[in-house]
Amino acid sequence: MELANIENLLEKYFEATTTVQEEQELQAYFSQDNVAPHLQEYQPMFQCFTNLKAETSTRNVPLQPRKNYLKWISVAAVFVLTTSLFINEWNKQRQAEEAFEYFKTTMALVSQSFNSGASHINYLTQFEETTNKIFKTENN
Amino acid sequence: MKQADFLHTVLPFKDKLYRLAKRLLVSNEEAEDATQEVLMKLWSKKSKIEAYNNVEAFAMTMTKNYCLDKLKSKQAGNLKLVHSNYKDENTSLQKEVELRDSVSFVHEIMEELPEQQKIIIQLRDVEQYDFEEIAKVVDMNPTAIRVALSRARKYIRQELIKKHNYGVS
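Residue numbers (full-length UniProt numbering), protein chains in the order written: chain A, 1 to 140; chain B, 1 to 169.
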């Protein structure tokens with residue numbers, strides 16, 4: 001490649017008006033050994049770009065299919081929550097029923113003893129009757 | 001999309017992602033992390049990949065954004081990037097001469113460039129993207145990219161010439 005052409009390209013290169021192909025030509029020119037002395041100061045620049053292009057990533061990316069655990073965990077959590085709420089509710093219901101039964105038997109007992117107490121009061125009326133027989137009030 | 005298909009689409013540009021990340025984050029480890037992160041994200045969105053007409057540009061954009069976020073958070077936390085690939089400064093004269101070699105000097109100059117120019121010069125001069133492809137990644141119009149690229153190249157040249165004239169500073 002003639003020198004004038006390279007100089008021309010360099011000029012354009014620093015104005016960033018070169019095409020990718022022209023830049024590749026420049027890179028090719030500067031990567032060879034016989035570079036014109038007055039252009040040698042540009043050589044490290046292109047050398048550097050070539051070096052940088054050679055860098056490669058060495059780490060392998062672990063691409064385990066990341067399972068969507070979160071989704072299933074949330075489904076399970078919702079399930080547990082609803083069942084526990086349901087059981088809780090059911091328990092409450094049962095407790096209330098139990099308490100009601102207990103209350104009913106107690107009240108039955110109370111009414112039973114009240115009734116027996118009340119039946120004794122009947123004798124009091126007897127007493128009243130007999131006194132009426134003895135002390136006759138004037139109103140009668 | 002199966003794992004094999006995914007790897008088939010992704011592997012051709014994995015190194016490009018890595019190099020872009022490396023340019024921005026400097027550290028090898030950080031760049032590997034970034035690449036891995038971006039690929040994992042792509043993998044988790046693999047069902048949507050077919051819908052993108054240019055997966056490579058999309059992945060490059062993701063890498064760019066990831067790295068810039070990383071840098072921003074580092075700056076906000078007032079932390080310097082920690083990287084283990086430091087060069088040993090106190091070695092023999094031979095090594096020192098090598099170290100002062102202009103090629104690594106260019107590398108150092110590139111690290112001084114602002115992020116935007118770093119990305120553009122990486123994409124253009126290292127990966128040889130054309131302007132339309134760069135435009136997709138950096139979200140700028142081609143004229144602005146051309147200006148930034150020219151500026152970056154001229155900056156490198158100017159620094160190189162400075163060094164050439166003054167010798168080892």
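Heads up, a few of these hints could be off.
[Said to hold, decoys possible] SDA-like, lysine to any residue: derived pairs with alpha carbons at most 25 Å apart: (1) B:K46 to A:L39; (2) B:K154 to A:A96; (3) A:K71 to B:K2; (4) B:K163 to A:K71; (5) A:K12 to B:K163; (6) B:K154 to A:F79; (7) B:K70 to B:A57; (8) A:K53 to B:D139; (9) B:K74 to B:M62; (10) A:K12 to B:Q116; (11) A:K12 to B:E111; (12) B:K136 to A:E15; (13) A:K53 to B:S27; (14) A:K53 to B:E32; (15) A:K92 to A:K71; (16) B:K46 to B:D15; (17) B:K162 to A:N91; (18) A:K53 to B:L7; (19) B:K48 to A:Y123.
In case anyone wonders, no lab produced these hints; they're calculated from the structure.
Results of checking the hints against the structure:
Distance hint between K46 (chain B) and L39 (chain A) is unfulfilled; the C-alpha atoms sit about 48 Å from each other, more than 25 Å. Our distance criterion of 25 Å between C-alpha atoms is broken by K154 (chain B) and A96 (chain A), whose separation comes to about 88 Å. At roughly 21 Å between alpha-carbon atoms, K71 (chain A) and K2 (chain B) fall within 25 Å of each other, so this suggested pair holds. Only pairs whose Cα atoms come within 25 Å are accepted, and K163 (chain B) paired with K71 (chain A) is rejected, the gap being roughly 60 Å.
Restraint check for K12 (chain A) and K163 (chain B): the C-alpha separation of about 23 Å stays at or below 25 Å, so the hint holds. Among the hinted pairs, K154 (chain B) with F79 (chain A) is inconsistent with the structure: their alpha-carbon atoms are about 66 Å apart, more than 25 Å. For a cut-off of 25 Å, the pair hint linking K70 (chain B) to A57 (chain B) stands: about 20 Å separates their Cα positions. Restraint check: the Cα-Cα separation between K53 (chain A) and D139 (chain B) comes to about 23 Å, which is no more than 25 Å; the hinted pair holds.
For the proposed pair K74 (chain B) and M62 (chain B), the alpha carbon gap of about 18 Å is at most 25 Å, so the pair holds. A threshold of 25 Å between alpha carbons decides the hint, and for K12 (chain A) with Q116 (chain B) the separation of about 21 Å falls inside it, so the pair holds. In summary, the hint linking K12 (chain A) to E111 (chain B) is supported, as the alpha carbons are separated by about 24 Å, within the 25 Å threshold. A distance of roughly 21 Å separates the Cα atoms of K136 (chain B) and E15 (chain A); the hinted pair therefore holds under the 25 Å criterion.
This hinted pair checks out: K53 (chain A) and S27 (chain B) have alpha carbons roughly 16 Å apart, not beyond 25 Å. The suggested pairing of K53 (chain A) with E32 (chain B) holds, with an alpha-carbon distance near 16 Å, which does not exceed 25 Å. The straight-line distance between the Cα atoms of K92 (chain A) and K71 (chain A) is roughly 32 Å, outside the 25 Å bound, and the hint therefore fails. Between K46 (chain B) and D15 (chain B) the alpha-carbon distance is near 19 Å, which keeps this suggested pair within the 25 Å criterion.
Note on K162 (chain B) and N91 (chain A): the hinted pairing is violated, with a Cα-Cα distance of about 87 Å set against a maximum of 25 Å. For the hint pairing K53 (chain A) with L7 (chain B), the CA-to-CA distance comes to about 21 Å; that is within 25 Å, so the pair holds. Taking the CA atoms of K48 (chain B) and Y123 (chain A), the gap is near 96 Å; set against the 25 Å cutoff, the hint is violated.
This entry does not satisfy hints 1, 2, 4, 6, 15, 17, 19, going by the numbered hints stated previously.
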